[in-house]
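Line by line, the protein sequences are chains A and B. The first sequence finishes on residue 189 if you use the numbering used here, and the numbering steps up by one all the way, no holes. The second sequence finishes on residue 305 if you use the numbering used here, and the numbering steps up by one all the way, no holes.
What the hints contain is simulated information worked out from the structure, not anything from laboratory work. Warning: the hint list may mix true and false statements.
Pulled a few chain B residues facing chain A out of the computed Cβ check, cut under 7 Å [said to hold, decoys possible]:
#: 1; residue: Leu19
#: 2; residue: Ala23
#: 3; residue: Leu33
#: 4; residue: His37
#: 5; residue: Ala52
#: 6; residue: Ala55
#: 7; residue: Leu58
#: 8; residue: Arg59
#: 9; residue: Leu128
#: 10; residue: Ala130
#: 11; residue: Asn164
#: 12; residue: Ile181
For every residue, glycine included, the Cβ atom is placed at its ideal position computed from N, Cα and C.
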Amino acid sequence: MNWLVFAILSWVALGLEQGFRPALQVGSVNIAPSFVLILLVFISLWVRASSVIPAALILGACLDMLNKVPTETGESVVILGPWALGGALGAFLILNLRAMVFRRNPLTLAVLCFIAAFAAQVVVLAILMFRASYDSVSLQPAATELTQRLLTALYTGLVSILIGPLLQMAAPWIGVRKRTHVASVGPYA
Amino acid sequence: MARRTLSPRAMMWIACVALIGAALIPMRFTWWLSWLHGPFQTVIAPISAPLAKVASWLRPGEGNRAGADDPAVEELRRQVEFYRSEYLLAEQRMEQMARVIEALQDGVPFAQGARLRRVEGTRIGSDLSAGTIEINRGRTHGVTLNTVAVAVAAPQHLVGIVTNIGPMTSSVHVLTDSRIIPSLIEALIVREGVTTPGEIARSPRCQFRPVGDGTLAGTLGIDEAARVQSGDAAFLDDPYWPGSAQRLVMGRVVRIEDTDKPLFRRVVIRPDLDLARVRAVVLRISADDDGARTGDSAGNPGGQP
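Okay, chain B solo, but in the shape it has when bound (with noise of 0.2 Å):
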């Protein structure tokens, strides 16, 4: 008896269908297709991250930070940012602290907060329609979902997080793009040396919004936008974000605009790299981070580092 064989046509006919079918089934059906991408980016790697090197080298994303100084005043630069930042912290944690002590006297039960591990990872390659850059370090290096991303050229300066992960590689969602999510991220905007904790409790707050074109935008009322300048750096301070990425640096106010309501200022903040372009990050890989950006019922951070 002769074997029935598809002719090619009909077997591209039936890949077209087949197709069309899995690009409109929704994501509930589909969502074990991430799980390809790892190993596809572990296949493409070898040829993309030296591409990404040779790229990083021609259009560096530290360029507009790096170079405008020479060397000895960017690593003074570099350790004021991560002092200011750590003292930054310091004074969240102490104020957490004394709600953690209030709660302990209502007889809630202590939780001891994660440790802090991290991680160094390598640029291999952008993926521009999604606003990500792919780093080669995965699931195996301990990377999970909501982990956060600060540049090695700037440990204190906040590229994204994490959002897709792979056996060797994850995606890290940059900040500047529009889709990130949540798309509103409060900051604490701190003048050059306010170093008082009453003064920092009074500095403006302002929630940012990614505005696409790599910077972020914000509205203050004018009395607070009288205490902005330009050049002031705005820190993450959200607890819808991971504790390992409050009180990084967001980047600094490029310009406070008009806006229509005569009452509110728009504020613009750049950051200090061009974060698609960054040559290497450093995951900050903490276990209350995994699971959300969505801190807790009373709004507090999620854990802290």
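The shape of chain A in the complex, shown without the other chains (with noise of 0.2 Å):
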């Protein structure tokens, strides 16, 4: 995988997803699709599996940058690891479940980045969820928090159909394989 151009997707998707998200929130509920994971399920798709899980953890790291957590104190602050470690998981399932599907059907990237997204999500959750117990993480009932999450997810599966023929384009920079060949099939080929 060429590092660089991974730097430079990262900064727009990072940039989408600070700047254009909230043009796509439904409504004033936290339901907006992220650009972030689209990208991680991309590269999780078609580069290298040696490459995939280090840059699911980078992504996930920024993430943890940019969504801070509201304190019961008033502040928010940054909490580094859900993000990082839900994003792994997406990517590590992603590199499971690739050798199953077809690639290029657009469908595919829209319905693995849903599952992807949803598992982050959960993780994410999880961990708040755990914190909250003992530190002052201030977090909406679980099941309002599960609810939008699932939603974003499903969000995120379809915008991801719009987004994949752009990350197609630029996918010859980022070095993914043009072909899959038969003796690299396997999940973590």
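Since each chain sits alone in its own frame, please combine them into the complex, following the hints.
As structure tokens, this is what we get:
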């Protein structure tokens, strides 16, 4: 994988996450697609397996830096880890599934985005809920959080149908494999 | 002698274990991580700020306010709102001055209120998960924690309060987010045309709580609820909020609903703006506001502008 192109794409995805996401928000509730997760799934689907988890950890850590957590004292703080671990789990799931899917089908990216995003969201929520038991993390009720995160994952999958072709255009520069050989169909190929 | 190096797989496992530790360590050990948020925002800002502008253009936060009338009517409405809010603030200050005079007569030393400084900031993004908007003004511009933000399009309309500051950026927790602290916000519901101090004093007071759908709701007794009608403005009047936020508009009554308890009604207010999508805000920086939405021990508001 070309790490310079990865850095540029990550920068753009983080900019979209920060700047453009509110335009796609559903009403006033926290349901909006995640552009960073779409990039993460695209990379997990196409890039050499050895580069996927480090890339997922980096993108997840960036999301941790971006998404602050409100506390009961009124301040919002950065918690490093939830998104990094959630992203890594999402990428790991895609690595295991990618040998079984038609990667060029636009719907593949959509379905995998939903799966990876929901897995990541569950990990993030579990960590934050656990922390809330001994720390001053302020969360909405678990059912509300889970519903919003499920719908966010679904929305991310839908938006990835539009973003997927654009990422495909950038694929030659990021270093994706042009062809999937018979010898490399295993999940860790 | 051969030098031993860690394999990439081992390094990845070490990173995962370190992240699990960082994710679970109590906040008192990881508070310093919030310092990194500001520089990180500064790196993202060159791309997120133009995209936020595009997003504001596609879905403006001021949409439900502007465009309803022609510009002249809108300007007049803004002026009416300004003078109304200033008048209510002046009334509140007169009450406080009377208390100060009483305190001075008792020998309490006089403390001069801090001046209010206004700094305009542009929204460079939003953090939907935290219910905040990111502003391109930070510590270097004099922004402090608990600085109050109002909308540029409606200078008397409260947007939120600063909860995180970086060197060049800061985060404003919007009023309508259900996790804002304190979650109960007291407001004075003033009917259109009410001007005399007596009428203002008798106006219903209600403690509103953000619902999470862009509105705030509170309960009133049926007698007080009978004096409220759709369109009435709610002005913040809460000693636990900074002085620079007092008597700013929180929103307007959109409906009054029955509750399970027959003696109470639920009053729902909605801000005039979509607070999470405002293009720009004015930060009302006051030295007295640094430190808290706590008020003093007597329950008096923080510093007045």
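Going down the list of hints, with the structure as the test:
{"no.": "1", "hint": "Leu19", "result": "4 Å, holds"}
{"no.": "2", "hint": "Ala23", "result": "3 Å, holds"}
{"no.": "3", "hint": "Leu33", "result": "4 Å, holds"}
{"no.": "4", "hint": "His37", "result": "5 Å, holds"}
{"no.": "5", "hint": "Ala52", "result": "4 Å, holds"}
{"no.": "6", "hint": "Ala55", "result": "4 Å, holds"}
{"no.": "7", "hint": "Leu58", "result": "5 Å, holds"}
{"no.": "8", "hint": "Arg59", "result": "5 Å, holds"}
{"no.": "9", "hint": "Leu128", "result": "5 Å, holds"}
{"no.": "10", "hint": "Ala130", "result": "4 Å, holds"}
{"no.": "11", "hint": "Asn164", "result": "5 Å, holds"}
{"no.": "12", "hint": "Ile181", "result": "4 Å, holds"}
Hint violations for this structure: none, all hints satisfied.
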